Amino acid sequence: MSDTTSSSHPAHLAHHFDTVEQQRESSSLGMWVFLAQEVMFFGGLFLAYLVYRSSYAAAFAEASHHLDVVLGGINTVILIGSSLTMALAVYCAQTGKRHLLVLFLLATMLLGLAFLGIKAVEYHHKYVDKLIPGIAFSYPGPNAQHAQLFFSLYFAMTGMHALHMVIGFALLIWLVNDARKGRFTPEYHSHIENFGLYWHFVDIVWIFLFPLLYLIGLHDAAGGGH
Amino acid sequence: MFSGFPLFPEQASSVAADVDNLYFFLLAITAFFSTLIAGLVIYFAIRYRRRSEVELPEPITGSTKLETLWTVIPAIIVMVIFAWSAKVFLSLHRAPADATPIYVVGKQWMWKLQHLEGQREINELHVPVGRSVKLIMTSEDVIHSFYVPAFRVKADVLPGRYTSIWFKATKPGEYHLFCAEYCGTKHSGMIGRVVAMEPGAYETWLGGGPREQSMTARGEFLFQSFSCNTCHRSDGKGRGPALEGIFGKTVDLQNGQKVAVDDNYLRESILAPASKVLAGYQPVMPAFQGLVNEEALAQLLAYIKSLAPQAARLPGSTPSHEAGSERQNSKP
Amino acid sequence: MSTLRVPTVPVETREHYLNADYGIRSWLLTVDHKRIALLYLASITLFFFLGGFFAVLIRLELLTPQGDMVQSETYNKLFTMHGVIMVFFFLIPSIPAVLGNFLVPLMIGAKDLAFPRINLLSWYIYMIGGLLTFAAVVAGGVDTGWTFYTPYSSTYSNGYVIVTGLGVFITGFSSILTGLNFLVTIHKMRAPGLTWFRLPLFIWAHYATSLIMMLGTPVVAITLVLLVLERAFRIGIFDPTLGGDPVLFQHLFWFYSHPAVYIMILPGMGIVSELISCFSRKYVFGYHFIAFSSLGIAVLGFLVWGHHLFVSGQSAYAGLIFSFLSFLVAIPSAIKVFNWTATLYKGSISYQAPMLYAFGFIGLFAIGGLTGLFLAALGLDVHVHDTYFVVAHFHYIMVGGAVMAYLGGMHFWWPKMTGRMYPEGWARFSALIVFIGFNLTFLPQFILGYLGMPRRYHAYPPEFQVLNVMSTAGASILAAGYLLPMVYFLWSLKYGAIAGPNPWGATGLEWRTPSPPPTENFKQTPIVTEEPYEYSIREIKVV
Amino acid sequence: MSVHVVPLRIYFAVFASLMVLTGVTVAVAYFDLGPLNTIVALSIAVTKAALVILYFMHVRYGPSLTKLVVAGSFLWLFIMLSITMSDYVSRSW
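Chains as they are written, first to last, in my numbering: chain A, 1 to 226; chain U, 1 to 332; chain R, 1 to 543; chain Z, 1 to 93.
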């Protein structure tokens with residue numbers, strides 16, 4: 001009975017929730033559950049990677065020499081940096097620093113764009129080197145077949161990751177717009193917080209992709225052969 | 001057997017009775033529990049039918065004793081079934097060491113079979129009664145499944161690797177051979193028959209027909225025409241390891257791992273030799289992927305497996321525990 | 001609490017969710033969970049009859065052994081489209097998206113699901129996926145089997161694999177969003193006093209189902225993405241000629257698709273718990289055990305997918321593990337069946353139509369579950385794998401179980417959804433017909449399977465004909481049984497008696513609001529002070 | 001509102017640790033440690049992910065339900081990976 005509806009119903013409280021607290025907790029839980037789903041989505045790719053890496057370890061190590069560790073490393077730094085700016089954006093939303101919020105969101109966008117740009121450069125190198133399975137692929141040596149598997153997985157995994165970045169970028173445009181209009185307050189900024197969770201998740205995926213794809217063959221840099 | 005209105009398949013192999021006994025046991029359990037539940041539901045429904053709109057049933061919320069009972073009893077029953085079925089499965093899975101190999105290739109939509117003696121058949125398999133036969137199977141295209149209901153055996157036939165089944169026919173006759181894994185347009189036409197014959201009749205059948213070279217002989221011919229013998233010398237001084245007696249051993253690889261030399265390892269080592277190179281050798285062998293077809297590959301395997309052990313020693317080789325007989329499952 | 005004779009207020013004079021607004025826009029843009037449930041109801045019914053139409057053609061073809069009615073390509077497309085449509089577009093959304101959508105907020109005293117707009121989005125996603133798949137059917141169909149096994153699907157099939165795969169992929173997200181909505185709603189939107197152990201078992205079942213939707217569906221989604229890439233670009237992941245492993249596809253596919261069976265059956269179990277309790281006027285026997293067995297099934301259900309791979313070239317040792325785990329799932333299912341039976345003991349049992357469906361469910365699910373033991377048994381599965389035994393088994397679970405429960409639930413909550421009663425006599429008759437037709441259709445298939453008739457066979461050896469004819473005869477009866485409710489449900493919309501808020505004298509919050517409910521479900525947020533299924537108190541408040 | 005505001009110095013400390021760990025994982029990759037290479041690389045990745053989850057994503061300060069969701073999702077991932085691998089490692093046994 002004790003319904004709280006009419007007493008204090010802020011504009012941003014949807015009709016079917018009783019309290020702001022309930023709405024905030026619901027949206028946060030919803031986001032976390034969504035991320036759990038994302039873990040399993042990428043999990044399928046990691047499983048495929050695990051299976052073939054364990055079967056064709058040598059070919060994978062050799063094929064990974066064709067990835068650019070420097071660019072990959074720079075991208076890792078950029079992406080972790082963007083996670084920091086995103087975390088700071090959430091901080092500003094929590095503490096009501098409206099202009100800084102916009103600034104940090106823009107910084108996150110910029111770093112995200114830089115990441116995607118470097119990724120595009122890497123993809124282009126692969127295209128020039130004929131290392132894109134299904135489009136242009138020619139790989140020397142006896143491990144060609146299994147190297148193709150490596151590159152298939154490389155493109156599937158980084159491609160899915162990049163797609164998530166692109167979606168994140170689109171969402172950021174929308175968030176920046178809302179933030180400029182001052183839509184977010186210390187009481188109501190679920191969108192910023194939830195987007196932050198999403199962005200950090202994308203960062204975490206990369207934290208695993210980087211060593212698994214770029215670093216596995218470094219220690220025998222002499223290259224291939226077995 | 002191709003007519004009438006059967007309710008139960010013929011038992012024509014040594015394992016059929018074991019499988020059927022398990023089946024009858026499970027049927028009995030199913031019959032008992034479905035009758036019990038249906039009986040109780042019907043009895044309660046009649047006995048406690050609503051007699052008046054205002055009646056109030058006695059409140060009963062549950063009974064931990066009963067819950068324990070109907071948790072523990074099913075648990076015990078399923079564990080019994082598990083143990084029993086695992087035992088039957090392992091006997092289906094482990095071929096006797098003396099089983100005669102027959103090589104099977106599935107393709108859309110036919111079965112091609114090769115006997116060691118050289119006979120080749122299509123959609124028909126002749127086997128002797130009373131002798132264990134092991135089918136070493138692969139596919140040229142999609143996944144098929146070799147299924148002989150009367151023998152109660154089945155295994156998927158995959159492209160790119162070998163799988164196997166074994167059986168010992170116990171009753172002469174003709175039995176259905178089905179492809180059980182959906183494989184495209186004429187899936188239901190990928191059928192044939194297995195003819196189980198008395199040993200005498202089987203020998204006659206083997207002797208009849210056009211004179212064929214044995215698989216080993218053809219394999220030896222291929223071995224030489226591909227010049228395998230220039231590197232895989234029997235004295236162990238070639239660029240590749242000597243192959244005499246290698247089948248069934250466990251060997252050390254260059255990367256420190258160990259691998260059992262079974263049909264699938266030999267297959268991979270011919271088609272993509274760089275994947276798992278023996279310790280002490282260089283990856284210099286060319287890949288034969290696309291150069292040998294499945295039948296020729298089977299002949300090469302038959303030849304390599306026929307090579308008797310020699311004095312030439314492999315680095316770090318040890319005899320394997322099992323004779324590599326049922327190792328048809330391997331890495332992708 | 002007398003039932004059935006409470007037509008106090010004519011429905012039309014009161015505002016409720018159906019007459020709150022009119023026009024096509026008011027439906028297509030609605031965020032009311034009850035209206036979205038009806039959108040789903042209309043769409044899945046269409047898909048059900050489309051899939052059923054394919055089933056009829058399949059059964060007609062199998063009347064004769066020669067395979068002489070349609071070409072084998074056509075036959076392969078028929079069973080593929082039957083499977084794809086029934087599994088992904090009917091069974092998986094059926095109970096959750098229709099009854100769950102309608103009832104979850106009502107049962108927990110909420111005004112709506114936590115994310116109403118996402119709920120509407122999920123219906124649109126479902127429709128987009130459905131239309132894509134339908135487009136593939138119209139364009140010429142797909143012939144891979146609903147399991148899409150590689151390398152047939154990736155390399156050899158001539159059908160519209162990519163379009164169908166994308167359709168299923170997209171629809172997966174509708175399932176994910178529905179599950180997400182339910183999870184958050186059940187966690188965060190329960191009425192005051194409605195503690196976890198006061199929740200109806202229907203809610204527990206949907207909670208467990210939602211867990212599976214969230215954790216399983218994304219895996220099949222990425223699998224289908226890889227399949228589409230493989231088919232479009234030959235990237236090699238499932239292609240043995242490039243070192244890929246087709247069995248990996250099966251692992252990924254069944255990691256979702258085995259738990260998906262529990263997406264279909266768990267909500268049905270939830271419905272049956274409600275029905276048995278209501279029509280015997282008793283607290284559900286062993287409430288906690290039923291609730292936890294739902295969670296147990298959801299968790300264990302994720303550990304058993306490999307029993308689909310016993311003869312697929314999976315390692316024998318992995319087979320042993322999967323077999324063992326599969327047997328464990330039998331235990332929570334057994335617990336449920338025994339508890340339902342015990343609920344009847346000393347009850348006050350009436351045989352209204354929903355209860356007849358519940359009885360049918362118990363019987364058919366018992367057989368379906370017990371024959372599952374045959375398939376979990378390694379040594380026996382080798383023989384019956386990929387035969388009609390499997391076909392019979394999973395139809396007993398999915399059709400005998402899930403569809404029976406779905407129909408039972410539709411009959412039970414139809415008065416709540418529409419405010420009208422359907423003709424009871426016809427409903428009982430159709431329950432009987434469905435039960436008889438179902439058994440006649442699928443019992444012979446167990447025998448066919450043990451005889452060795454493989455599934456997906458267009459033509460078959462002549463000695464199997466008698467059993468196939470029996471099966472086809474049963475299917476005709478079954479089809480009539482499914483058409484009947486369609487007719488009298490539609491009839492009841494106009495001519496049915498006014499139902500009143502609680503025609504069955506049931507407990508549960510959904511019966512404490514008028515039928516049909518107002519847009520925000522309750523005039524005031526209800527406060528729950530009693531245990532669930534309190535039939536012994538017999539104070540069912542009618543608002 | 002029970003929003004926990006994480007102090008800025010924690011964000012910067014976490015960022016610095018992530019950078020250091022990135023450097024370490026690259027450096028270690030140049031040494032041949034045998035099978036340890038993968039173990040070290042993954043341990044570092046897990047540590048980094050844990051830092052991001054606990055601090056950037058506020059799980060450390062969040063409700064236990066969130067912790068349960070995080071733990072559950074990784075448990076499920078582990079189930080999928082480990083049971084599937086049980087097939088691959090035992091195929092040639």
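Bear in mind the hints are in silico, worked out from the structure with no lab data behind them.
Treat the numbers as computed from the prediction; the structure is a model and nothing was measured.
Careful: at least some of the hints might be erroneous.
[Stated by the list, open to error] SDA-like, lysine to any residue: derived pairs with alpha carbons at most 20 Å apart:
1) U:K258 with U:G280
2) U:K186 with R:T155
3) A:K97 with Z:R9
4) A:K119 with A:R180
[To be verified] Which chain A residues face chain Z? A few, computed with CB under 8 Å, are given here:
5) F46
6) L50
7) V121
8) F137
9) H219
Ideal Cβ positions, reconstructed from N, Cα and C, are used throughout, including at glycine.
Here's how the hints hold up against the structure:
1. Of the pairs offered as hints, the one joining K258 of chain U and G280 of chain U holds, with about 13 Å between alpha carbons and a cut-off of 20 Å not exceeded.
2. At most 20 Å may separate the alpha-carbon atoms for a hinted pair to count; K186 of chain U and T155 of chain R meet this at roughly 16 Å.
3. Restraint check for K97 of chain A and R9 of chain Z: satisfied, since their Cα atoms lie roughly 17 Å apart, inside the 20 Å limit.
4. This hinted pair does not check out: K119 of chain A and R180 of chain A have alpha carbons roughly 29 Å apart, beyond 20 Å.
5. At about 7 Å, the closest approach between the beta carbon of F46 of chain A and any beta carbon in chain Z falls short of 8 Å, and the interface hint on this residue holds.
6. About 6 Å separates the beta-carbon of L50 of chain A from the nearest beta-carbon of chain Z, less than 8 Å, and the hint is met.
7. Given the 8 Å rule on beta carbons, the hint for V121 of chain A is violated: about 19 Å separates it from the nearest Cβ of chain Z.
8. For F137 of chain A, the interface hint is violated, the least distance from its beta-carbon to any beta-carbon of chain Z being 25 Å, above 8 Å.
9. At about 4 Å, the closest approach between the beta carbon of H219 of chain A and any beta carbon in chain Z falls short of 8 Å, and the interface hint on this residue holds.
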